[in-house]
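Chains A and B, in that order, are what the protein sequence lines are. Using my numbering, the first residue of the first sequence is number 26, and each one after it goes up by one. Using my numbering, the first residue of the second sequence is number 39, and each one after it goes up by one.
Derived from the structure by calculation, the hints contain no laboratory data. Please read all numbers here as calculations on a predicted model, not as lab measurements. Do not rely on the hints blindly, as some may be mistaken.
[What the hints assert, rightly or not] Result set (EDC-like, lysine to aspartate or glutamate): computed pairs, CA atoms no more than 16 Å apart in a straight line: (1) A:K279 x B:D363; (2) B:K270 x B:E311; (3) B:K262 x B:D293; (4) A:K466 x A:D520; (5) A:K508 x A:D490; (6) A:K278 x B:E311; (7) B:K224 x B:E268; (8) A:K508 x A:D448; (9) A:K299 x B:D363; (10) A:K55 x B:E375; (11) B:K279 x B:E305; (12) A:K299 x B:E268; (13) A:K55 x A:E203; (14) A:K156 x A:D104; (15) A:K558 x A:D625.
[Unchecked claim] Derived CB-CB ranges, DEER-like: (16) A:Q212 x B:P181: 27 to 37 Å; (17) A:S178 x B:P181: 57 to 67 Å; (18) B:H353 x A:H295: 17 to 27 Å; (19) A:P77 x B:V373: 32 to 42 Å; (20) A:Q462 x B:K358: 41 to 51 Å.
A virtual CB, placed ideally from N, CA and C, is assigned to each residue, including glycine.
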Amino acid sequence: MQTKQLDRVVIRFVGDSGDGMQLTGTEFAKAAAEAGNDISTFPDFPAEIRAPAGSLFGVSGFQLHFSSSEIHTPGDAPDVLVAMNPAGLKTNLKDLVDHGTLIVNTGAFIEANLKKAGYQTNPLEDGSLSKYKVHSVDISHLTMTALDGTELSTKEKGRAKNFFALGLVFWMYGREPESEIRRIHQQFAKKPEFGEANVKVFKAGYHYGETAEVFQTVYKVPPATFAPGMYRNITGNEAIALGLVVGADLAGKKLFYSGYPITPASSILHSLAKYKNFGTLTFQAEDEIAAMGAALGAAYGGSIAVTASSGPGIALKGEAMGLGVMTELPVVILNIQRGGPSTGLPTKTEQSDLSQSLFGRNGESPLPVLAAKSPGDTFYCAIEAVKIATRYMVPVILLSDGYIANGSEPWPLPNLASLPRFDVVHRTDPNNYFVYQRDEKTLARAWVVPGTPGLEHRIGGIEKDALTGNISYAPDNHEKQTKVRAEKVARIAQDIGELDLSGPESGDVLVIGWGGTYGALRQAQQTLLAQGKQVSHAHLRWLSPLEPGLAKIIRNFKHVIVAELNMGQLRQVIRAEFLIDVVGLNKIQGLPFKVREVQDAIEKLLTEAPKPSASTSQPLATA
Amino acid sequence: MSEAVKIKLSKKDLESDQDVRWCPGCGDYAILATVQRTLATLGIKRENTVFISGIGCSSRFPYYMNTYGFHTIHGRAPAIASGLKITRPELDVWVITGDGDGLSIGGNHMIHALRRNMDLKIILFNNQIYGLTKGQYSPTSQPGTRAPSTPTGSIDFPLNPISLALSTGATFVARAADTDAKLMGKILEEAYKHKGAVFIEMLQNCPVFNDGVWEGVKDDPAGKQIALAEGKPLLFAGGTKGIRLGAGLVPEIVDVGEGAGKVPASELLVHTERGSHLYANLLAQLVQPKFPMPMGILYREDKPTYEMLANQQVHEAITKQGAGDLTKLLYSGMVWEVGADGTRH
């Protein structure tokens, strides 16, 4: 037995959607974080809760990248693939690196499953896997054996097999089993017989690695170094919920959150529903429109009002969002994007709701839009959204996506005392009050809430007089109000921080991105820059108004490339805003960018002379 | 809701400075005046009173009330009102809607606000027509209604607003006509005192697009209406006729009195506001032209309200777990420290 040190490993667990692959992956990620590695995860699962066993479309996967140095993405291609059944192998083998390690549950490679996966012959026997390091383990059978003599039914025993796989990889990477055993007991505290069984199987997997002579090597990925401080592992939806609670506190207000169940936003509601002792009120509305309406009602009453959804739900909320624009009420709208249009790809990631956010309402209806770049960043974006909504009296859209929402990373815990407060003050002075009288700097109207004596007034969706707030159909007044609503959003630029730019302020290629593609873009740019190539990366947090820092540098590069997981929605905005040629790097597969794809696209541009013709705006296709 | 010290207001105090813009002769004027007059006598605080409406003729109502007001979007008033009421339970929240706004485009919000027993006072102006969009038939129009969108007569069956309110869980259900200020005032007062989802069907006349649609009920109140009175039999036509429950729970009209072919009053149904849902639903089925229509409070029930329960859960969580500590919340789960050397400790 030898121990081999590695800098980084990408491992992917695949199996039936009922095989517990998400749990296996999450637990192994915790172990890596606990061992001090930098980690990044990518859960990838079907929309079906329990797809028919063995089917190709029912395969659920979880990819984990753990490393002894800083990483930005869950990894382009797995070095290790753990396949619990033939369907998982079939759909994922193409991603495994050449000579990669393959751990296969042979117990599931029975004729029926092979047939469901479309295998004519058993790949374990026909030599088709010869270029990989294959470890055949009958996990199904070994799990049953480990549970011999327990009271559990055969079906219940079978369900524990993911813990065998987990034990096996714990051994392979020299992870400490004790804390995992504690976690299993905790997780199954209400059903101790299952906890006991899972621990048994987990240990069996661990010991199998130790005693069976199939593995010649144990791998060690040393801890990464981090900036000193306190850390926790966090997903985007967990962090965004925390950010909302903290944001409301910084505003000195109570949080009201209304939502309607939708993937991948629902877990935010689940988190916030547990934070009642913070005074947080949550409301599961009858539909998306009601969720938006209730948020408006709560904002009208003086709460920090938030609603969340994904694209299809946001479409339904559109009219009520327009009412928020018209009545100038502070609401935060979260869009956890998924593949579209229509129902699209509910569990897959995409950035195709940018145009919807910017333009998806009737009339001239501008809204501030910002996007989070990583799971931990959603925390700060949520706070910023609350701050801008209340300071400017405007609904704010915060974009996240399925990749950030479900992916996790080690997160340096914020120092709460260092976060600046932005306490909200409601006007109570009845003298000379006019509904649409505005603050000189922000153009915000005063937030007067019901219950304030002497300030009774009426608001509504019909155009209002620019001062009194009475109904007005006057032509000049409408133009004035329309312009002031746009100007108010534009002025948010004065509160936007420095542009997140990596690399020099001029050069050959500027890569512009936004949202969850941050990790892949930043890693690609840094790799090329280290090779001496003049490549910079600007990552936009604010999309409306556009980051003011972009205008200062965008013309300093020979090529500008906008990389996004859509057909070129930001590219269109940038071209219109700056009247310059911009190339697109676009991918619409429900999957995040690979670092390699980004690097290839940039390198291709570097070898080309700049062409000012419109034809270069065609997207560079990705594989 | 009821203040320790009643504040004296006059009707005028509840009138806003805006010109009322309904068509001449519209039933809405009478409803507005009665609401202003009644609320003035109830000791409300203007600042704690909010009128929220959707879209339609009736939904202009909030602009004319000198209280807080929110004229929202089509059908969504109950949703917006719910968000306000949950977060500000101390406010009196009234919802003004119509048969199109509340029962067609906003039907979903209506049924769920009632189901939750949200403490909202919902007044639905039922004129069986879309007025603001110039006269299309509505979900309460009688079959055969000729309108611009149904020139050869509407072919769908109307829904019964009272029946809907009862079946979805409203805890105070009443009906009045726009012309009957006295009954309207009494219902508004009782509705104001009720803690829970109020649904008032206001039979309202649209003189432009559906004039006289309730005349069958209104022109001869004694003959075409049952004035509901607690503990009293269901009588109409000057007490000469009544409602008896026949076989198969079928309500039947009988002549009341002594002698051949007449039924003694003791055999009639006796009204109770706190009767069974079955009884209230039976009342809901008494509609023109076959039956006289019951007017007054059809049903009431005491039940915990949504906003009370929601805030109670928050209160209990704070009592049990203590007021939330943000640092503790952030530092929950798997937390570790990285030391000065950059590695985990």
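Evaluation of the provided hints:
1. A:K279 x B:D363: holds, 14 Å
2. B:K270 x B:E311: holds, 11 Å
3. B:K262 x B:D293: holds, 14 Å
4. A:K466 x A:D520: holds, 11 Å
5. A:K508 x A:D490: Between A:K508 and A:D490 the Cα gap is close to 13 Å, so the pair holds against 16 Å.
6. A:K278 x B:E311: violated, 42 Å
7. B:K224 x B:E268: The given pair, whose Cα atoms are some 13 Å apart, holds under the 16 Å limit.
8. A:K508 x A:D448: Status violated; Cα separation ~28 Å.
9. A:K299 x B:D363: holds, 13 Å
10. A:K55 x B:E375: holds, 15 Å
11. B:K279 x B:E305: holds, 12 Å
12. A:K299 x B:E268: violated, 46 Å
13. A:K55 x A:E203: With Cα atoms ~13 Å apart, A:K55 and A:E203 stay inside 16 Å; holds.
14. A:K156 x A:D104: holds, 13 Å
15. A:K558 x A:D625: holds, 13 Å
16. A:Q212 x B:P181: 27 to 37 Å: violated, 60 Å
17. A:S178 x B:P181: 57 to 67 Å: holds, 59 Å
18. B:H353 x A:H295: 17 to 27 Å: holds, 21 Å
19. A:P77 x B:V373: 32 to 42 Å: Given a distance of about 40 Å, which is inside 32 to 42 Å, the answer is holds.
20. A:Q462 x B:K358: 41 to 51 Å: Given about 45 Å between the Cβ atoms, the range holds.
Checked against the numbered hints given earlier, this structure breaks hints 6, 8, 12, 16; the rest are met.
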